[in-house]
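Participant: Let chain A serve as the given structure and place chains B, C and D on it in line with the hints.
Chain residues, written in single-letter form:
Number of protein chains: 4
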Amino acid sequence: MALCRALLSERGEISGARLAGETLAVYHSFDQAGRAAFFDSLAAEFSPHPDQVAAAADAYRAEPSAATLVRLQRVVEPPRQELFRRLNLAPEGTRTLVDMRRHLLQHSGVHPQWLAIESDLMHLLRSWFNRGFLQLRRIDWTTPAIILEKLIEYEAVHQIHGWGDLRRRLEKDRRCYAFFHPALDDDPIIFVEVALTRGMSGKVQPLVDPATPVGDPGTANCAIFYSITNCQDGLRGVPFGDFLIKKVVEDLGQQLPQIKTFATVSPVPGFREWLARNFPAEEKETSLALSAASPASSDGRQKAPEPLQRELTALCSHYLLHAKHGREPLDPVARFHLRNGARLERINWRGDTSASGFERSAGLTVNYLYRLSDLERNHEMYMKEYRVVASLAVESLARGVHPRGRTAVAGPPR
Amino acid sequence: MALCRALLSERGEISGARLAGETLAVYHSFDQAGRAAFFDSLAAEFSPHPDQVAAAADAYRAEPSAATLVRLQRVVEPPRQELFRRLNLAPEGTRTLVDMRRHLLQHSGVHPQWLAIESDLMHLLRSWFNRGFLQLRRIDWTTPAIILEKLIEYEAVHQIHGWGDLRRRLEKDRRCYAFFHPALDDDPIIFVEVALTRGMSGKVQPLVDPATPVGDPGTANCAIFYSITNCQDGLRGVPFGDFLIKKVVEDLGQQLPQIKTFATVSPVPGFREWLARNFPAEEKETSLALSAASPASSDGRQKAPEPLQRELTALCSHYLLHAKHGREPLDPVARFHLRNGARLERINWRGDTSASGFERSAGLTVNYLYRLSDLERNHEMYMKEYRVVASLAVESLARGVHPRGRTAVAGPPR
Amino acid sequence: MALCRALLSERGEISGARLAGETLAVYHSFDQAGRAAFFDSLAAEFSPHPDQVAAAADAYRAEPSAATLVRLQRVVEPPRQELFRRLNLAPEGTRTLVDMRRHLLQHSGVHPQWLAIESDLMHLLRSWFNRGFLQLRRIDWTTPAIILEKLIEYEAVHQIHGWGDLRRRLEKDRRCYAFFHPALDDDPIIFVEVALTRGMSGKVQPLVDPATPVGDPGTANCAIFYSITNCQDGLRGVPFGDFLIKKVVEDLGQQLPQIKTFATVSPVPGFREWLARNFPAEEKETSLALSAASPASSDGRQKAPEPLQRELTALCSHYLLHAKHGREPLDPVARFHLRNGARLERINWRGDTSASGFERSAGLTVNYLYRLSDLERNHEMYMKEYRVVASLAVESLARGVHPRGRTAVAGPPR
Amino acid sequence: MALCRALLSERGEISGARLAGETLAVYHSFDQAGRAAFFDSLAAEFSPHPDQVAAAADAYRAEPSAATLVRLQRVVEPPRQELFRRLNLAPEGTRTLVDMRRHLLQHSGVHPQWLAIESDLMHLLRSWFNRGFLQLRRIDWTTPAIILEKLIEYEAVHQIHGWGDLRRRLEKDRRCYAFFHPALDDDPIIFVEVALTRGMSGKVQPLVDPATPVGDPGTANCAIFYSITNCQDGLRGVPFGDFLIKKVVEDLGQQLPQIKTFATVSPVPGFREWLARNFPAEEKETSLALSAASPASSDGRQKAPEPLQRELTALCSHYLLHAKHGREPLDPVARFHLRNGARLERINWRGDTSASGFERSAGLTVNYLYRLSDLERNHEMYMKEYRVVASLAVESLARGVHPRGRTAVAGPPR
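Residue numbers (the numbering used here), protein chains in the order written: chain A, 1 to 414; chain B, 1 to 414; chain C, 1 to 414; chain D, 1 to 414.
Chain A with its partners taken away, still in its complex shape:
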């Protein structure tokens, strides 16, 4: 803390980089307990003074001028904010601050007093990671290994199993884009993986299987977004995904004018849980059918009786269109894409036959369609009326579902 105080003092102005470096070196040497003590001190020592705040607020109320406002703004800003700014002078300063917030978020349940620090960091990082500063870069096999290695590490949706797997995902029938920030040079902020296909694909497995033959991008007419991963836990809550998808749609649309359809292949992660709660009989049937289709008897899977297919896709449409969390859809992936202005286009039977695909989404996938010309209008309708824009096919599927026995639409999961 002495180093922190020195850094905030006049001395910090001239010796900033050195003091910041030393402070971060000490921080990196902390064990769990040391770090906790450090954050406790930050929360206790570097907060705004309530009396000063009150006085400044009274002054502003009495005379709401530029001068009183500036004074008020100054006293409500905790001194640790300036401390964080000065820590940024150290090599890898920004990276450490992002990491600090990751740590605070992880442990704020147990240490609620850290929330104010976390909020300060959030404020700072949201400013520094303004979308205007992000750089879109294409990732391919000419990208430095130090970056590719991070994709393997970060990929959260469909795990990348080593370098051979990664290489397949960077072949000429694929595209991968990431946002970078100048202060986190070799470390992506977020990345998206895209497959160029002929026709809108609804199946996950051919996209992630390294043995899938490489297609000819010249004959592709579809760009399928099959994975999007936020890389920096310390930037949680700063939204990048919508911006990235939009940028990539624009970019690809210019470079490959033959690509007419931009869509995702997405999971329906809340479906089985919702089913169990609202349609227990159907859930039981599903469970039996899927366990019959266990890895050991993969043939079994393909024999899921047609009626079940009809019933489950209908229930899934119903879930996506009518199950709500507040006024928004209950399904978090649906919330993300609909909020972005995408359209709920198609539900695919046996779209994801992985264990987790069965477990959460009953093997179903959804295509959300990104049509540049409609994004803005859809987004506005969603934001104002929470209206879910869906294709006729999905809407007609949903119409067949009659809530039985108990209320069909669940509240948010508890």
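Think of the hints as simulated: they come from the structure by calculation, not from any bench.
Any given hint might turn out to be false.
Because identical chains cannot be distinguished in the list, a pair is counted as satisfied if it fits within a single copy or across any two copies.
Said to hold, decoys possible - Calculated cross-link-like contacts (lysine to aspartate or glutamate; reagent style DMTMM-like; alpha-carbon spacing at most 20 Å): (1) Lys-150 - Asp-165; (2) Lys-172 - Asp-251; (3) Lys-203 - Glu-359; (4) Lys-172 - Asp-186; (5) Lys-150 - Glu-171; (6) Lys-150 - Asp-140; (7) Lys-247 - Glu-22; (8) Lys-284 - Glu-273.
Model, not experiment: these values are computed from the prediction.
Facilitator: Frame of chain A, contents of chains B, C and D only:
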């Protein structure tokens, strides 16, 4: 303003880049009156609400928790802050915001209501232009013309007269370094010009004369900082100069280990004015001697009688050591370098024989010495006790001066 | 020479770079006489041995096998060839060898014995500067000053008067491309200047006048090649121009699909000389009309009587279509473009009103049209039958000319 | 062949790049038989004409002037040489020509008529791959994956087992450098792997084991070259290795002045074969001891009796110092390093305990010492007198060996 409101609305989230671009296009189309109306609206419409502020401040006083503080911080932040952040999504967004602040600063005398907007921009820009994000680049003849052209335009200390002049300042016995920010790609933030010399030079003219023969950097033992220029008026008040000088001293020290002395050749811009007020007889004498040494009779200049030389350099030492502005030196250049931890090393007779050199500094220049190992200690002594660290030679010169008649040491200029 | 021998010896293999550097340092220290002595030694000492050559040739005649051929090839290669290859190890080795050839070419008239050395260097440089190794780069205002400076220095067709002039030629309604070779990093091999215009321009002055307003490249439909300059005298005889023009036409055609016409504005450098020899009366008239149009009375120029205009353009068509140097056109610029497969499209009255434009081309300019789809066929017809492909307009103009008095069509200039 | 003829014709000048591309596309489509027919045609059709050669040789013998020499040189150059030069215009032209020579070398045993073509390509490639055009680049974890992948593929000395293995070899206690040529952009020509160690290491296994802990380069005083690999079979016979090692020694010496010793850890690949032929009893004993030390009983290996160690190292010194191939050492690795001017410094018992290490080198390794100040002198002594420069230790070891029964020193292997 409708565009601004749209940009701040939900719609702005998805259409941010487009709306921001349109807003800035409108802004760029404004004439003087349009811009004034725009800023007036920003000041009137996008300020925090005094009642909300007061309520949040009361809540914080009643219970100074993380939650009440975060709430207070949110309401004291004017909505235009978020507006500026979203404008940054447009191409050249950051550049326009810097330019906006330049404009506000220029006209805030007439429009005091704009000061709050200017202060918001200052807060934002200070955060975005954190020193940790600046990139030090060496400028030389392999630098793109688009950057070199800006040096010619910006140079504020010793004007660069076209490309031939610039080329001389980038020869192998010179160094030029600039800070850049990733968002202002081809536009330097600040730059410094350095000459590699044998012995500590005190004369400006040989350094800026393009006809000066190019020296051998291998035999140089001195690095003379002869010009430092802030390029962005819209970033006024964000200090970069101290950091740049320190970085360059470190860099040169590593690359050219034979360089042992790092010093400036600086003007004494307040000297003649102070002299006139405090030593009118000497000022008159100086004035006569210098006007005798008019450009038309430049020989005359060199015949300034020795007693005058002794007297003026002594008075200048006295001025630098004892004339104060509050507790700090009256001379602004001295304040800057002493605050940085430099040492007042030497006063040079006829160091700057240009018209402006005679007019403000009586032809004198000062070497401020940057010794890395002392910077921090000097800086601290200066910040705590406002102690001016000077060489024995300068101190002994000053001891000869006896204030006569009226108080020798002037207050700050009115 | 001792250094050269050492470099060629076994020792050269391990100490190559050092010995090469020392040799070139000695070479650079030579005065005129030293250099001459050096080249004389190279010619005398490092040539193939006639007896060995004869023996190897006899062996090949006796048994034309791979082995005897390889042996023959080895003995006909002068040892200086290997010397040059080893000199290339020195820093700036390639540049010095190019410069050496420039020197040899300049002085081979007086020193015919140097022609063999020059021919060896030509062989080597033609191999090293294979077109496959050239890199096309666009030159604009973001190009390093060290390269731009060379354009100003090299420009041979329409002189560039300083940096302001150059900047105009790099505005957004212009394009400039150059070939670079990896071994001559900051030094262009050849460059071409292009103006994007609305309609096929025939006038030189608006293209080279820095005060010409900058046009909108979006509305341009024509790319006018108004200057092409070979930069390296030491590479004379290695053709780059045809390849550069073709590459740039391809590149621009892809980037700016609205550009439909690619043409030059070219001088007719041999016209006045031919006119004087074959149509002395018309030449006299021309001379009078042009001298009346002296810079002092520039109005006069514009009053050149219409009959003269008709007569001169007709004579110029005749000159370009029928005046021959062997079987090719007498005009060297025509030879170059027609050989490339371009078409003689249009003759422009008062196309170049500069002093040199009047003096050599009688103020006329020619547009040679580069139509990608015709280049190959035109080139072949030219190479086989020396057929000059011209527009109907030019051909019809030429039909009006009746050779009078003496033979109208001159032989090659003596 | 029609394409080849077109490419060599006048037409080829203007349509070069297109024709070259088409020709190479046809070449790439060839199967084994097609390629053989193509090479046969090249050998038959595009050779110099013996009569023309003889006539030109006679002319040169009669009058050995520059003109007759140039004429002779022209006719002895096979037209296919120009064909190859023009093929270089195609994208990836150089790469294909290198590959062509690789193919020719592989099959020239069966097709001796191809040797002349191979020799032409060798001549061309040796000129194009002049050392002066090579670029030294450091390879590390920031290198593009497309290059790293090639290291894994090419490594010929100590196989790289996948990306994890490679990553270890690029850690901070390692250095890897490669030569690149501008025309083979992402494809190294040759690369060397270096370990920074404390003390001169003689053991291979710790260097290639990915589990070896990463050392601190700051405390290292030795740079051990443990692997050097030529990447392009099509450039066989163009020497790069000596130049690369020398460059890297110079580079490391400047960057890491604490590194005082530069040495290899090298195999003795001809030792066991020589032993079997000259000291069959010792070879038998070695064989038994080593097979006792089979992988299954790796303890056994370590119990090789001391007398055997003494005897084998002595025999190895004798082998390296006295077994000859002509006047040079019999051992090919020794020839390479001694020719480069290195010194035979130390023989290491159990230096390479891999299967191939035992099989060829009896588990021994050799340190060849590269001392910059001695390289040139050693190289010259070697080249003139074939003198093997060795340490006293190695020389004294060798003195203990008495050739028994039959001649101890074998001729070159048959």
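Participant: Indicate, hint by hint, whether the structure satisfies it.
Facilitator: Going down the list of hints, with the structure as the test:
1. Lys-150 - Asp-165: So Lys-150 and Asp-165 pass the 20 Å test inside a copy (14 Å) and across (17 Å) alike.
2. Lys-172 - Asp-251: within (16 Å within a copy, 23 Å between copies)
3. Lys-203 - Glu-359: within (16 Å within a copy, 53 Å between copies)
4. Lys-172 - Asp-186: Between copies, since 17 Å is at most 20 Å while 23 Å is not.
5. Lys-150 - Glu-171: both (18 Å within a copy, 17 Å between copies)
6. Lys-150 - Asp-140: Both: 13 Å inside a copy, 16 Å across copies.
7. Lys-247 - Glu-22: Close across copies (17 Å), not inside one copy (40 Å); limit 20 Å.
8. Lys-284 - Glu-273: Intra 12 Å, inter 73 Å, cutoff 20 Å: intra-copy only.
In summary, the structure agrees with every hint in the numbered list given earlier.
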